[in-house]
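Peer 1: Below are the chains, spelled out letter by letter.
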Amino acid sequence: MSKHLTIDASSRGGWSIITVTGEVDLATAPAVRRAFEDLRESADAVVADLSGVSFMDSTGLRVLIAAHEELEKAGGRFAVIPGDGAVARLLEITGVKSHIAVHESLGEVVGT
Amino acid sequence: MEPDRGHPEGTFTPESDFQITVPADASSLFYIRLFAGAVARAVEPVDAGDSVLYELKLLLTEATGFALSDDRAADDTVSVSFRVAGGRLECRIRPVPTFGPTGLIPDPYDVVMTLASQAELMGEELLLVMQVG
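Residue numbers (the numbering used here), protein chains in the order written: chain S, 1 to 112; chain R, 1 to 133.
Misleading hints may appear alongside valid ones.
[Stated by the list, open to error] Per the computed footprint, the stretches of chain S lying under chain R, defined by three or more beta-carbons under 8 Å from a beta-carbon of chain R, are:
no.: 1; region: 4-18
no.: 2; region: 51-61
no.: 3; region: 68-76
[To be verified] Sample of chain R residues facing chain S (criterion: CB under 10 Å; computed from the structure):
no.: 4; residue: L29
no.: 5; residue: F30
no.: 6; residue: E55
no.: 7; residue: T61
no.: 8; residue: L68
no.: 9; residue: R83
no.: 10; residue: I105
no.: 11; residue: D110
no.: 12; residue: T114
no.: 13; residue: G123
no.: 14; residue: E124
The set of hints was computed from the structure by calculation and includes no laboratory data.
Even glycine gets a Cβ: it sits at the ideal position worked out from N, Cα and C.
Could you put the whole structure together from the sequences, leaning on the hints where they help?
Peer 2: Below, the structure written as structure tokens:
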């Protein structure tokens, strides 16, 4: 994995949690995509915690959209926690915000 | 006479472009952003708040992607130069052989056109202008 990106997987309250920290772009997005693919067979509820992402471009957003569409097609649930920085701004700029279930905190999704 | 190197807490106006040349590889995008952030923070009159910095880095990352999308030789490079003039930050990326809608969702072309006040392909050089003052 790139030194500019870390990805952690965990689970809580019936949700699989992918926590991404660092920068997501053309170079690092494939690692994020693989993290979602690794959960494809085992998880029907996935939340991407991106509150620690300091940069994301359209490549990263396409990975999220693909993961969302795939889970939805399989009858699963997908949620995103963009935080209040780069990812939130990207969602605004691209207008994709209305297509993904966005939440303010992990607790809001999985319960405390 | 010793040249005036300015005050460490001040800002300065460059008399020439800042330029970075990197391998035409996706892993270079990180270094272009790092360089752009350093230039934006240092140069007057850029108001380099977090939001402006992110948008500048996003603009450059999306635009430079057009230089990386074609088959390139392993020793190919991409250059990005910056010039500040009257509240405008001009960025020139070269070479960019093609620039236009991609059909992807979201489309990097749309992101560039949203963030740049001017985006124009001039030969194989992409000129981007961002209002920063």
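Peer 1: Take the hints in turn and mark each one as holding or not.
Peer 2: Right, here's what the structure says about each hint:
1. Judged by the Cβ-Cβ criterion of 8 Å, the region 4-18 of chain S is not covered by chain R as claimed, because only 1 of its residues qualify and three are needed.
2. For the region 51-61 of chain S, the stated coverage by chain R is satisfied: 5 residues place a CB nearer than 8 Å to a CB of that chain, which reaches the threshold of 3.
3. With a cut-off of 8 Å between beta carbons, the region 68-76 of chain S has 0 residues touching chain R; three or more are needed, and the interface restraint is violated.
4. The beta carbon of L29 (chain R) comes within 5 Å of a beta carbon in chain S, closer than 10 Å, and the hint placing it at the interface holds.
5. A least Cβ separation of about 5 Å between F30 (chain R) and chain S falls short of the 10 Å threshold, and the interface hint therefore holds.
6. Annotation: E55 (chain R) was flagged as interfacial toward chain S, and the flag holds, the nearest CB pair being 7 Å apart, inside 10 Å.
7. Contact between T61 (chain R) and chain S, as hinted, is supported at the beta carbon level, the nearest pair being about 5 Å apart and thus within 10 Å.
8. Taking 10 Å as the C-beta cut-off, the interface hint given for L68 (chain R) holds, the closest approach to chain S being about 7 Å.
9. About 23 Å separates the beta-carbon of R83 (chain R) from the nearest beta-carbon of chain S, more than 10 Å, and the hint is not met.
10. Taking 10 Å as the C-beta contact cut-off toward chain S, the hint placing I105 (chain R) at the interface holds, the least distance being around 7 Å.
11. For D110 (chain R), the interface hint holds, the least distance from its beta-carbon to any beta-carbon of chain S being 7 Å, beneath 10 Å.
12. For the restraint placing T114 (chain R) at the interface with chain S, the shortest Cβ-Cβ distance is roughly 6 Å, inside the 10 Å limit, so the hint holds.
13. For G123 (chain R), the suggested interface contact is broken, since its CB lies about 24 Å from the closest CB of chain S, more than 10 Å.
14. At a threshold of 10 Å, the smallest CB-CB gap from E124 (chain R) to chain S is about 20 Å, leaving the interface hint violated.
The earlier numbered hints that this structure contradicts are 1, 3, 9, 13 and 14.
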